[in-house]
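Generate coordinates for the entire structure from the input sequences, incorporating the hints supplied.
Order-wise, the sequence lines are chains A and B.
In our numbering, each number is its position in the first sequence, counted from 1, plus 156.
In our numbering, each number is its position in the second sequence, counted from 1, plus 13.
FYI, nobody ran anything at the bench for these hints, they're computed from the structure.
Yeah, the Cβ is synthetic: ideal placement off N, Cα and C, and Gly gets one too.
Hints may contain errors.
Derived DSS-like pairs (lysine-lysine); straight-line CA-CA distance at most 30 Å [as the list claims (entries may be wrong)]:
1) A:K597 x A:K501
2) B:K122 x A:K531
3) A:K231 x A:K263
4) A:K605 x A:K674
5) A:K501 x A:K393
6) A:K231 x B:K122
7) A:K616 x A:K597
8) A:K546 x B:K122
9) A:K488 x A:K231
Now the stretches of chain B that chain A is said to cover, found in silico as 3 or more residues with beta-carbon under 8 Å [what the hints assert, rightly or not]:
10) 16 to 26
11) 50 to 57
12) 70 to 80
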Amino acid sequence: MFLLKWWERFIRTFFKYDDTSASPDRYIALRRNIVILMMVVTIVPLTFMAVINHHQYQASLKNEIINPVQSLVSKTKHSFELFLEERLSTVRFIASTYSFAELSDAKTIGRIFRTLRTEFGGFIDLGLFDNNGIQASYSGPYTHFLGKDYSKQGWFEEARVRGTYISEVFMGYRELPHIAIAIQHMPEDGPNWILRATIDTDKFDMLITSMGLDPESDAFLINREGILQTHSKFYGKVLERCPLVIPRGESVTNVLEASDHRGKEIILAYARLSKPDYTLVVVKPRSVVLKTWFTLKSEMFFIYIISVVVIILVVLKLSGVLVKSIREADEKRESAFRELEHGQKLSSIGRLAAGVAHEINNPLAIINEKAGLIKDIVEHVEDCNTAREKFLALTGSILQTVQRCRTITHRLLGFAKRLDVKFEELNLNDVITEVLGFLEKEALYRNIKIELNLAPALPKISSDRGQLQQVFLNILNNAFAAVDSGGRVSITTWEENTETLGASIQDNGCGMSEETLKHIFEPFFTTKKEYGTGLGLPITYGIVKKLGGDFKVQSKEGQGTTFTFFLSRHPNT
Amino acid sequence: MLLIDDEEDFVITLAERLQIRGLRPVAATDGETGLDLVRNESFDVVILDVMMPGLSGLDVLERIKKFDLQIPVIMLTGHGRSEDGPHGMQLGAFDYVMKPIDIDELIQKIGAAATCREPRKPHDTI
Numbered sequence: 157m158f159l160l161k162w163w164e165r166f167i168r169t170f171f172k173y174d175d176t177s178a179s180p181d182r183y184i185a186l187r188r189n190i191v192i193l194m195m196v197v198t199i200v201p202l203t204f205m206a207v208i209n210h211h212q213y214q215a216s217l218k219n220e221i222i223n224p225v226q227s228l229v230s231k232t233k234h235s236f237e238l239f240l241e242e243r244l245s246t247v248r249f250i251a252s253t254y255s256f257a258e259l260s261d262a263k264t265i266g267r268i269f270r271t272l273r274t275e276f277g278g279f280i281d282l283g284l285f286d287n288n289g290i291q292a293s294y295s296g297p298y299t300h301f302l303g304k305d306y307s308k309q310g311w312f313e314e315a316r317v318r319g320t321y322i323s324e325v326f327m328g329y330r331e332l333p334h335i336a337i338a339i340q341h342m343p344e345d346g347p348n349w350i351l352r353a354t355i356d357t358d359k360f361d362m363l364i365t366s367m368g369l370d371p372e373s374d375a376f377l378i379n380r381e382g383i384l385q386t387h388s389k390f391y392g393k394v395l396e397r398c399p400l401v402i403p404r405g406e407s408v409t410n411v412l413e414a415s416d417h418r419g420k421e422i423i424l425a426y427a428r429l430s431k432p433d434y435t436l437v438v439v440k441p442r443s444v445v446l447k448t449w450f451t452l453k454s455e456m457f458f459i460y461i462i463s464v465v466v467i468i469l470v471v472l473k474l475s476g477v478l479v480k481s482i483r484e485a486d487e488k489r490e491s492a493f494r495e496l497e498h499g500q501k502l503s504s505i506g507r508l509a510a511g512v513a514h515e516i517n518n519p520l521a522i523i524n525e526k527a528g529l530i531k532d533i534v535e536h537v538e539d540c541n542t543a544r545e546k547f548l549a550l551t552g553s554i555l556q557t558v559q560r561c562r563t564i565t566h567r568l569l570g571f572a573k574r575l576d577v578k579f580e581e582l583n584l585n586d587v588i589t590e591v592l593g594f595l596e597k598e599a600l601y602r603n604i605k606i607e608l609n610l611a612p613a614l615p616k617i618s619s620d621r622g623q624l625q626q627v628f629l630n631i632l633n634n635a636f637a638a639v640d641s642g643g644r645v646s647i648t649t650w651e652e653n654t655e656t657l658g659a660s661i662q663d664n665g666c667g668m669s670e671e672t673l674k675h676i677f678e679p680f681f682t683t684k685k686e687y688g689t690g691l692g693l694p695i696t697y698g699i700v701k702k703l704g705g706d707f708k709v710q711s712k713e714g715q716g717t718t719f720t721f722f723l724s725r726h727p728n729t
Numbered sequence: 014m015l016l017i018d019d020e021e022d023f024v025i026t027l028a029e030r031l032q033i034r035g036l037r038p039v040a041a042t043d044g045e046t047g048l049d050l051v052r053n054e055s056f057d058v059v060i061l062d063v064m065m066p067g068l069s070g071l072d073v074l075e076r077i078k079k080f081d082l083q084i085p086v087i088m089l090t091g092h093g094r095s096e097d098g099p100h101g102m103q104l105g106a107f108d109y110v111m112k113p114i115d116i117d118e119l120i121q122k123i124g125a126a127a128t129c130r131e132p133r134k135p136h137d138t139i
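See the structure below:
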């Protein structure tokens with residue numbers, strides 16, 4: 157509820173404007189308010205949506221790109237592990253199938269080795285080592301190592317302790333990278349022995365190639381110390397140190413964003429093999445990954461900017477058009493009101509002139525008779541000397557009557573003079589008395605009793621004489637029209653408060669029904685049938701408002717009507 | 014003849030002018046007095062002002078006609094609304110003259126009224 161009230165108050169202050177002031181500032185303020193509100197209402201949600209979209213897209217795009225990389229790395233890692241496990245199994249199989257004695261035979265080991273090479277590919281040599289580390293048998297290119305003692309070598313010790321061993325990549329035969337795998341066999345009878353095979357890393361490269369990465373991406377294996385185990389496209393050859401900082405991997409593939417040693421932004425996906433301790437790394441440049449995203453982002457941004465610009469242009473133009481038509485409508489209404497007012501004034505003047513003509517007619521008729529009498533006496537009476545006194549009396553009377561006419565015409569001139577609004581300090585009672593002067597003959601002829609209850613020491617009011625006169629003239633005309641002959645019109649003035657004067661005109665005429673009361677301020681509504689313009693009260697209302705006042709009507713059908721005015725002593729303050 | 018008009022100055026001066034022309038006017042300054050005079054004395058013509066406070070000229074006309082249909086009544090109109098004349102004719106007035114008066118026109122009409130003393134009924138159409 158509170159929100160509603162606040163909302164209404166906001167709308168009122170933002171959009172409503174003082175009807176009486178038609179300054180251009182009002183329209184500027186109105187336009188500014190409309191523009192601000194429209195822009196806020198359109199641009200804020202747009203921006204909101206753009207920002208949300210941005211984040212959503214970024215997130216989902218990243219996912220779309222990251223997920224495939226992630227699964228690629230996982231799958232490739234598994235392939236590597238499978239490959240190595242398979243090779244181990246082969247050697248284990250051989251070690252389980254053949255005895256030490258059989259393998260010691262050069263021919264046998266040679267045959268087995270040749271079979272290995274044809275069937276599996278990638279085997280470079282095969283060596284048999286006894287419990288003491290002496291190479292007992294060998295098939296391969298390094299025949300001169302036969303009989304050598306390998307007991308101190310790391311691989312030997314590890315093979316003896318763990319039972320299996322997979323080496324890291326080393327430079328081997330023909331300066332090509334190799335790895336070595338070794339299996340310890342523990343026969344039921346006899347000492348343990350070790351079978352060792354060297355494998356080239358072609359298969360590694362093939363596995364990496366099979367990932368099918370785009371030309372700007374790179375994939376490689378590194379060991380625990382960060383030494384490359386395969387060739388990297390961008391980050392060094394095999395057995396060189398990889399310049400990238402790769403965190404310690406897990407068997408689960410991790411993806412993160414980083415910068416490489418040259419500062420290029422990259423996406424890093426890595427997973428650690430279970431055995432040996434290799435980490436498979438895929439490096440995708442962020443720009444490739446996010447190229448689509450950047451295109452989309454810049455497209456979105458472009459659209460956003462265009463939208464905002466279009467909104468601003470449309471809002472400015474639309475509000476300009478709107479406010480312009482509001483102003484034109486206001487101006488039209490103002491000028492229509494002024495025309496109506498002018499028309500009403502003219503018709504008032506017309507009525508007044510008619511009234512004045514009435515009034516002047518009587519004195520003129522008197523002058524006519526008196527002058528006519530002088531003429532008659534001159535024509536018909538022989539002795540004009542005796543008529544001297546008579547002549548003097550008659551001409552004196554004529555002059556007096558002319559004076560009477562003068563007052564009447566001056567009154568009309570006074571009313572006609574004030575056609576533009578001019579504020580001055582007035583005594584309200586005087587204005588009312590003046591207006592009554594116009595109407596006293598009618599009151600007399602129609603036996604309308606006028607009761608005056610004018611407050612004696614009424615403070616002055618700053619207002620326009622002509623307009624005030626018109627207001628009271630209108631209301632009094634209505635009152636006179638409402639009462640029958642013998643009716644009563646009471647006029648009262650008082651000081652309502654230090655800033656406001658009150659005046660009321662009450663008649664005991666026919667009154668108005670509730671239905672009529674609803675319509676009396678509508679232009680062209682009249683109950684006077686043919687000769688009412690229906691404009692008196694709307695114009696009166698407009699004038700009173702402009703003079704900084706207010707009025708209300710009370711009426712009961714058959715009993716009478718009261719118009720009560722409250723006029724601000726100092727309007728515009 | 015009887016003159017009824019609320020402007021004393023006017024009615025007295027008019028009476029003097031008529032006297033100079035040989036007529037014998039009696040003046041009344043309000044409708045009630047005029048009606049009393051009509052009831053108590055006999056007049057050839059009544060000259061009646063339309064616009065009067067209290068009992069208006071047309072009211073007086075109506076009552077005169079009720080009292081004596083035959084008396085010709087000449088209305089004096091001059092208050093703008095030209096329907097006073099024809100309205101008066103409807104009520105049975107003999108004729109009307111506009112103020113300020115052309116004395117000769119009035120004399121002429123008085124003459125016509127005096128000679129043509131036929132009963133004039135109020136009629137509904139002009």
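We went through each hint and held it up to the structure:
no., hint, result
1, A:K597 x A:K501, "holds, 21 Å"
2, B:K122 x A:K531, "holds, 21 Å"
3, A:K231 x A:K263, "violated, 40 Å"
4, A:K605 x A:K674, "holds, 29 Å"
5, A:K501 x A:K393, "violated, 106 Å"
6, A:K231 x B:K122, "violated, 135 Å"
7, A:K616 x A:K597, "holds, 28 Å"
8, A:K546 x B:K122, "holds, 28 Å"
9, A:K488 x A:K231, "violated, 80 Å"
10, 16 to 26, "holds (count 4)"
11, 50 to 57, "violated (count 0)"
12, 70 to 80, "violated (count 0)"
Comparing the model with each earlier hint shows violations of hints 3, 5, 6, 9, 11 and 12; every other hint is respected.
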